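Those protein sequence lines, which keep their order, are chains U and X.
Counting from 1, position 52 in the first sequence corresponds to residue 52 in my numbering; the numbering is continuous, with no gaps.
Counting from 1, position 493 in the second sequence corresponds to residue 493 in my numbering; the numbering is continuous, with no gaps.
Hints are computed from structural coordinates only; laboratory data are not their basis.
Any given hint could turn out to be false.
Unchecked claim - 35 Å max Cα-Cα, derived DSBU-like pairs, lysine-lysine:
| hint | chain 1 | residue 1 | chain 2 | residue 2 |
| --- | --- | --- | --- | --- |
| 1 | X | 62 | U | 213 |
| 2 | U | 176 | X | 125 |
| 3 | X | 333 | U | 176 |
| 4 | U | 223 | X | 125 |
| 5 | X | 59 | U | 359 |
| 6 | U | 211 | X | 341 |
| 7 | X | 347 | U | 328 |
| 8 | U | 355 | X | 125 |
| 9 | X | 802 | U | 355 |
| 10 | X | 346 | U | 319 |
Said to hold, decoys possible - Residues of chain X placed beyond 10 Å of chain U at every Cβ, according to the derived structure:
| hint | residue |
| --- | --- |
| 11 | 55 |
| 12 | 89 |
| 13 | 97 |
| 14 | 98 |
| 15 | 295 |
| 16 | 344 |
| 17 | 372 |
| 18 | 375 |
| 19 | 551 |
| 20 | 570 |
Keep in mind it's a predicted model, so treat the numbers as computed, not measured.
Think of the CB as a built atom: it goes at the ideal place given N, C-alpha and C, for glycine as much as any other residue.
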Amino acid sequence: MDPSLPILALVPAPDSIPVHFGWLNFFFILTFVFHLLFMNAMLGCGIIALVRSLRGTQPDLFIAKEISLKLPYTIAFTVNMGVAPLLFIQVLYGSFIYTSSVLMAWYWLLIIGILIIAYYSAYLFDFKFDVLGSLTRNLSIAVCVVLLLVVAFLFTSNITLMLMPEKWVEYFSNTKGTILNFSEPTLIPRYLHFVCASIAIGGLSLAIAGKVKINSGIGKDSKNFEAMISSGMRWFFYATLVQVIIGLWFAAALPRDIILWFMGGNKFATPLFGLGLTCAVALLFFGFKKQIWLSTTAVVITVIVMVLIRDIVRLAYLKPYFALSDLKVEPQYSPMILFIVTLIIGIGFIIYMLKLAAKQKEEV
Amino acid sequence: MNYPVWELYYAGGGLLIALIAVVHVYVAHFAVGGGLFLVLTEMKGLREKSPAVLEYTKKHSKFFLLVTMVFSAVTGVGIWFIISLVSPAATSILIHTFVFGFATEWVFFTLEIVAIFIYFYTFNKIDDRAHLIIGWIYAISALISLVLINGIIAFMLTPGDFFETRNFWDGFFNPSFWSSMCFRITIALVLAGIFGFITAVFIKDADFRENMVRYCAKWLIFPFIFMVLFAWWYFASLSDASKAMILGRSPELIPATKIFVWVLPILFISGLLMAIRMPGKVKKPMAFVILLIGLVYMGSFEWIREAGRRPYLIPGYMYSNSIIVGDEAKINKMGLLGTAKWVKHKKINDDNILEAGQEIFKLQCIACHSVGGPLNDILPVTEKFTVFGMDSQLNGQGKINDYMPRFMGTRQERMALARYIVEKLHKKIDTTETRAESSVKELSVDIPPFDQKTDDYILLAWSSVGIYCMPGSDSWLKLLPPGNGISTQLIRRGETPEIVTEGVDITYDKTLNPFPLFTIKAWDKDKGKVLAQTSIAAPVSVEMGCKNCHGGKSRAGEENIKDTERFLDETIKNILAVHDKMSKTDLLETAQKEEMVSCQSCHPDSIPGAKGNSDLLNLSTAIHGFHANYLTDREVDACNACHPSSSNGSTLCLRGIHNEIGLDCTSCHGNLEDHALSLLVAEEKAGKTGAKLLIKHLVPTKVNSISQIKAREPWLNEPDCLNCHVDFEQPESDETFNMWTKSIDELYRSRTDDAGIMCQACHGRTHAIYPATGIYGNKRDNIQPLQYQGNPYPIGSNKNCKVCHTIDMEDEMHHPNTLTMFRNVQ
Numbered sequence: 001m002d003p004s005l006p007i008l009a010l011v012p013a014p015d016s017i018p019v020h021f022g023w024l025n026f027f028f029i030l031t032f033v034f035h036l037l038f039m040n041a042m043l044g045c046g047i048i049a050l051v052r053s054l055r056g057t058q059p060d061l062f063i064a065k066e067i068s069l070k071l072p073y074t075i076a077f078t079v080n081m082g083v084a085p086l087l088f089i090q091v092l093y094g095s096f097i098y099t100s101s102v103l104m105a106w107y108w109l110l111i112i113g114i115l116i117i118a119y120y121s122a123y124l125f126d127f128k129f130d131v132l133g134s135l136t137r138n139l140s141i142a143v144c145v146v147l148l149l150v151v152a153f154l155f156t157s158n159i160t161l162m163l164m165p166e167k168w169v170e171y172f173s174n175t176k177g178t179i180l181n182f183s184e185p186t187l188i189p190r191y192l193h194f195v196c197a198s199i200a201i202g203g204l205s206l207a208i209a210g211k212v213k214i215n216s217g218i219g220k221d222s223k224n225f226e227a228m229i230s231s232g233m234r235w236f237f238y239a240t241l242v243q244v245i246i247g248l249w250f251a252a253a254l255p256r257d258i259i260l261w262f263m264g265g266n267k268f269a270t271p272l273f274g275l276g277l278t279c280a281v282a283l284l285f286f287g288f289k290k291q292i293w294l295s296t297t298a299v300v301i302t303v304i305v306m307v308l309i310r311d312i313v314r315l316a317y318l319k320p321y322f323a324l325s326d327l328k329v330e331p332q333y334s335p336m337i338l339f340i341v342t343l344i345i346g347i348g349f350i351i352y353m354l355k356l357a358a359k360q361k362e363e364v
Numbered sequence: 001m002n003y004p005v006w007e008l009y010y011a012g013g014g015l016l017i018a019l020i021a022v023v024h025v026y027v028a029h030f031a032v033g034g035g036l037f038l039v040l041t042e043m044k045g046l047r048e049k050s051p052a053v054l055e056y057t058k059k060h061s062k063f064f065l066l067v068t069m070v071f072s073a074v075t076g077v078g079i080w081f082i083i084s085l086v087s088p089a090a091t092s093i094l095i096h097t098f099v100f101g102f103a104t105e106w107v108f109f110t111l112e113i114v115a116i117f118i119y120f121y122t123f124n125k126i127d128d129r130a131h132l133i134i135g136w137i138y139a140i141s142a143l144i145s146l147v148l149i150n151g152i153i154a155f156m157l158t159p160g161d162f163f164e165t166r167n168f169w170d171g172f173f174n175p176s177f178w179s180s181m182c183f184r185i186t187i188a189l190v191l192a193g194i195f196g197f198i199t200a201v202f203i204k205d206a207d208f209r210e211n212m213v214r215y216c217a218k219w220l221i222f223p224f225i226f227m228v229l230f231a232w233w234y235f236a237s238l239s240d241a242s243k244a245m246i247l248g249r250s251p252e253l254i255p256a257t258k259i260f261v262w263v264l265p266i267l268f269i270s271g272l273l274m275a276i277r278m279p280g281k282v283k284k285p286m287a288f289v290i291l292l293i294g295l296v297y298m299g300s301f302e303w304i305r306e307a308g309r310r311p312y313l314i315p316g317y318m319y320s321n322s323i324i325v326g327d328e329a330k331i332n333k334m335g336l337l338g339t340a341k342w343v344k345h346k347k348i349n350d351d352n353i354l355e356a357g358q359e360i361f362k363l364q365c366i367a368c369h370s371v372g373g374p375l376n377d378i379l380p381v382t383e384k385f386t387v388f389g390m391d392s393q394l395n396g397q398g399k400i401n402d403y404m405p406r407f408m409g410t411r412q413e414r415m416a417l418a419r420y421i422v423e424k425l426h427k428k429i430d431t432t433e434t435r436a437e438s439s440v441k442e443l444s445v446d447i448p449p450f451d452q453k454t455d456d457y458i459l460l461a462w463s464s465v466g467i468y469c470m471p472g473s474d475s476w477l478k479l480l481p482p483g484n485g486i487s488t489q490l491i492r493r494g495e496t497p498e499i500v501t502e503g504v505d506i507t508y509d510k511t512l513n514p515f516p517l518f519t520i521k522a523w524d525k526d527k528g529k530v531l532a533q534t535s536i537a538a539p540v541s542v543e544m545g546c547k548n549c550h551g552g553k554s555r556a557g558e559e560n561i562k563d564t565e566r567f568l569d570e571t572i573k574n575i576l577a578v579h580d581k582m583s584k585t586d587l588l589e590t591a592q593k594e595e596m597v598s599c600q601s602c603h604p605d606s607i608p609g610a611k612g613n614s615d616l617l618n619l620s621t622a623i624h625g626f627h628a629n630y631l632t633d634r635e636v637d638a639c640n641a642c643h644p645s646s647s648n649g650s651t652l653c654l655r656g657i658h659n660e661i662g663l664d665c666t667s668c669h670g671n672l673e674d675h676a677l678s679l680l681v682a683e684e685k686a687g688k689t690g691a692k693l694l695i696k697h698l699v700p701t702k703v704n705s706i707s708q709i710k711a712r713e714p715w716l717n718e719p720d721c722l723n724c725h726v727d728f729e730q731p732e733s734d735e736t737f738n739m740w741t742k743s744i745d746e747l748y749r750s751r752t753d754d755a756g757i758m759c760q761a762c763h764g765r766t767h768a769i770y771p772a773t774g775i776y777g778n779k780r781d782n783i784q785p786l787q788y789q790g791n792p793y794p795i796g797s798n799k800n801c802k803v804c805h806t807i808d809m810e811d812e813m814h815h816p817n818t819l820t821m822f823r824n825v826q
């Protein structure tokens with residue numbers, strides 16, 4: 001590239017949006033929170049199932065099997081809940097994410113193939129849990145988990161690369177779509193931050209599943225479910241403990257001007273960061289006390305706070321190049337109203353279906 | 001333009017999109033039809049109180065879950081991924097326009113997932129009514145998903161008036177919305193039957209298996225009839241441009257359309273076959289074969305739908321290479337590299353021209369063309385080109401064959417791209433050569449004897465055309481009937497000379513070379529005595545530039561003919577093949593099977609009096625009009641590209657005094673654009689439909705607008721000498737485009753002076769006006785003036801009246817200005 005050319009000249013011109021960016025950002029954050037919760041549960045449970053399956057004792061296998069039954073649809077919902085934020089991020093930050101995706105095109109596309117294999121491995125682990133020998137069983141869940149970890153890494157690489165147009169110039173020496181953002185100091189802590197959160201939330205969702213079984217009276221073998229709860233809460237507590245350290249590493253790796261936003265430099269960032277730290281303390285406290293529902297509430301709040309912090313970090317990174325208010329609005333609200341109405345009706349139908357499903361035949 | 005380009009060479013040309021999209025669309029339609037199949041089959045089981053049918057439904061729902069939830073859902077995201085990697089700009093438009101359409105579809109996608117999981121996991125566990133309700137919620141959600149995504153996909157083919165109104169609903173309820181929706185729903189039902197076979201053939205009980213296979217066959221057969229009707233409706237709702245593309249204007253689409261049409265009955269017949277009782281061993285493989293046939297069917301349909309948009313991604317708004325239609329003028333002015341964001345070389349110089357060419361290739365070509373890959377490979381279609389040919393191809397690209405976008409960028413950028421393709425992709429060195437000085441040898445001429453004192457006659461002779469051009473491949477194609485006619489006038493000398501028209505015979509002898517000399521003799525018929533003799537060259541050239549663009553090897557080793565000038569059958573075959581492709585003819589086959597193809601057998605041409613097909617453009621208009629689109633802005637180089645007029649060539653057909661004083665072809669005929677337009681405008685006025693397409697992209701250079709172009713017929717309306725030589729005087733202008741002779745009688749070749757002497761008799765033939773010069777020696781085209789008056793100037797000039805009159809004359813009785821000294825002395 002012509003060295004005199006400013007990086008800004010590389011940033012593609014964005015297309016106009018149909019509603020105020022605030023709406024799109026709201027839907028983005030809302031759906032992303034759900035995606036994160038499902039994703040964390042999926043990856044965390046997968047890791048726990050792998051560990052349990054490898055250990056292979058009877059109580060371990062009980063937990064692994066319980067997870068195996070839920071893993072496929074957790075993957076389904078993770079993918080499904082990922083579609084919406086991926087849609088909204090393209091509308092808000094299309095110029096950035098399309099560009100960074102092209103730079104790592106082969107890896108980005110690889111995600112699809114990897115996901116299909118991981119998904120079928122999860123089904124194999126589920127449908128054939130009792131039929132498979134321990135080696136094949138372990139292999140099926142190991143393949144699933146390792147591939148999901150790779151997907152997570154590729155997402156992390158893309159999401160960081162999209163924030164850093166100054167790294168895009170690598171395109172001029174590599175146009176093959178094989179650029180990964182390895183030179184980025186936050187890449188590893190950011191990645192580990194997600195994986196560790198997944199282990200914690202995976203543990204918590206295991207505990208929740210056990211609790212639901214016991215409460216509903218389905219869990220005939222309450223000892224096993226009790227063990228599931230305490231194991232889940234242990235995973236949750238220790239992972240959260242490690243998470244605090246990784247979180248601080250991640251924060252420290254951020255560029256100095258962005259850290260300063262959280263140290264009093266920005267009227268939204270600073271209180272949110274404080275809230276985030278408080279949440280971490282609450283998580284550790286409730287986790288230690290094995291209080292499932294309080295932990296769950298704290299987790300949901302934490303994830304929301306973290307998503308908001310993340311949003312601020314993204315805006316801070318992009319500040320030299322872009323602000324959401326730059327997006328030109330060509331207002332047309334009727335499709336959004338259709339979406340909101342459909343969403344409300346859709347949620348109604350989901351609740352209705354869950355109720356129908358709960359009324360199981362008496363003989364079963 | 002806006003985004004970086006992922007450099008895919010082998011896998012380019014949409015291969016990855018095709019691979020992902022075809023399998024996804026196949027399974028996704030199954031996910032829609034299959035939902036109805038499940039719930040209706042369950043109802044059938046309940047109605048017939050058949051545990052076997054219910055058990056089959058349950059098993060099928062597991063298969064359904066594994067295929068649709070995993071494969072269909074993830075490949076659906078995959079399409080999103082791949083289109084945003086290959087065409088981010090178009091994807092961005094789609095996403096920004098339809099964000100809430102996609103979001104609404106996502107709600108139904110979520111409902112589908114919840115419903116199908118509950119449906120599968122609660123089979124036999126909740127009461128039948130509740131289970132059926134869940135099934136119906138799935139089926140209806142899936143159907144609505146299809147309706148929603150259909151609106152967006154149909155928009156990509158028929159955006160209707162969206163780009164005027166910018167209204168979401170105008171884009172969504174576009175012209176092909178309803179037809180495409182009905183077509184896709186029937187496909188979904190057919191696929192439900194096809195996928196139903198896969199589970200049904202594994203039923204162990206033979207009777208029940210036959211029963212269920214037949215049931216599945218009904219799903220295939222009954223909607224099939226509607227599917228064909230809806231396919232027709234869908235086609236009818238497309239734009240005329242898309243229809244034309246699908247019906248064969250785009251060569252890319254021909255195989256897909258053929259497959260689609262052939263597979264349709266095969267699919268139907270396989271459905272019928274499956275209804276016949278056969279052992280499980282036969283039906284199992286058959287079911288999978290039908291599954292494959294269905295995939296081919298779906299693939300060919302999607303291929304047609306995708307390519308039916310050519311040359312656009314979004315018709316009327318964005319070209320296939322993601323360039324926005326409205327940006328074309330800006331790009332042509334400022335350059336592609338100047339306007340694109342992700343380029344290294346903003347300016348082209350001698351050092352970076354090939355690298356810049358590669359960047360242009362990336363921006364304009366790679367979206368559709370692979371390099372050496374299975375789809376739209378650029379290599380075979382550019383193999384024949386020299387740099388000049390490639391540059392010309394890019395020049396005309398998308399103008400006549402509008403399935404590709406036109407080249408966009410500056411002349412320099414076009415050359416950079418041409419050079420990149422020829423020199424880098426094909427690793428060829430440029431073969432656009434110049435004539436080596438030594439390759440043309442001067443030919444000796446013996447001036448025939450003449451004695452002013454004793455000879456009673458002078459014989460003047462000229463050839464009917466300045467030069468006769470012929471393709472070197474004799475057995476394949478003829479442009480014109482062969483031959484260069486020779487005309488003569490015999491003058492009996494005396495104080496009052498006389499043109500002799502009776503009692504004499506004229507004969508000729510010849511020697512053979514590119515400018516063959518003919519010895520002409522006038523015989524007294526009665527006495528058998530030679531009255532006068534002279535000689536002239538009647539040139540025939542094989543220096544035609546077809547090979548510059550149409551490929552082929554040269555015929556080497558013939559004296560005085562440059563290796564690259566004489567082309568062989570390969571070139572002609574290519575010309576015929578291109579003609580066949582573009583005009584849907586079968587000339588190549590005819591030429592191979594039967595006999596030489598003559599252009600005039602179809603294209604009218606007044607010179608040999610060929611009537612041809614009167615609906616078609618006449619030959620000269622067709623050839624000039626077509627090629628002008630590929631050779632714009634090149635002034636005399638455009639003429640030299642085909643005609644033997646280049647000063648570097650082995651003919652130099654413009655060899656008269658006009659060449660000597662610096663005029664060229666364009667001085668009289670205009671640039672190729674002007675020349676072609678003058679012919680095309682006449683044909684358009686005559687109501688020939690073919691003219692319009694050729695005119696569309698031509699811009700006149702000698703006048704301001706096409707409306708100022710004076711129509712002319714080839715060979716009849718030509719530049720008149722007297723336009724410049726007003727009253728036979730020294731001209732004040734050296735350009736005479738757009739002023740044509742009105743009839744054949746006004747042509748230089750038909751005119752005489754006031755005494756009945758042909759113009760050509762004294763001034764020499766067209767393009768070789770005395771005093772001529774030539775690369776084979778200056779004498780060769782000036783034989784008669786040299787013979788009769790010892791100088792190369794027009795007969796009788798410099799007051800040489802004695803040549804015929806035997807005495808000096810005082811009156812200008814031939815035409816004004818004859819009794820002056822010749823101006824351009826050599």
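Here is what the structure says about each hint:
no.: 1; hint: X/62 to U/213; verdict: holds (25 Å)
no.: 2; hint: U/176 to X/125; verdict: violated (53 Å)
no.: 3; hint: X/333 to U/176; verdict: holds (30 Å)
no.: 4; hint: U/223 to X/125; verdict: holds (26 Å)
no.: 5; hint: X/59 to U/359; verdict: holds (23 Å)
no.: 6; hint: U/211 to X/341; verdict: violated (56 Å)
no.: 7; hint: X/347 to U/328; verdict: holds (32 Å)
no.: 8; hint: U/355 to X/125; verdict: holds (13 Å)
no.: 9; hint: X/802 to U/355; verdict: violated (122 Å)
no.: 10; hint: X/346 to U/319; verdict: holds (27 Å)
no.: 11; hint: 55; verdict: holds (17 Å)
no.: 12; hint: 89; verdict: violated (8 Å)
no.: 13; hint: 97; verdict: violated (8 Å)
no.: 14; hint: 98; verdict: violated (8 Å)
no.: 15; hint: 295; verdict: holds (17 Å)
no.: 16; hint: 344; verdict: violated (5 Å)
no.: 17; hint: 372; verdict: holds (16 Å)
no.: 18; hint: 375; verdict: holds (17 Å)
no.: 19; hint: 551; verdict: holds (31 Å)
no.: 20; hint: 570; verdict: holds (36 Å)
Of the numbered hints listed earlier, those contradicted by the structure are 2, 6, 9, 12, 13, 14, 16.
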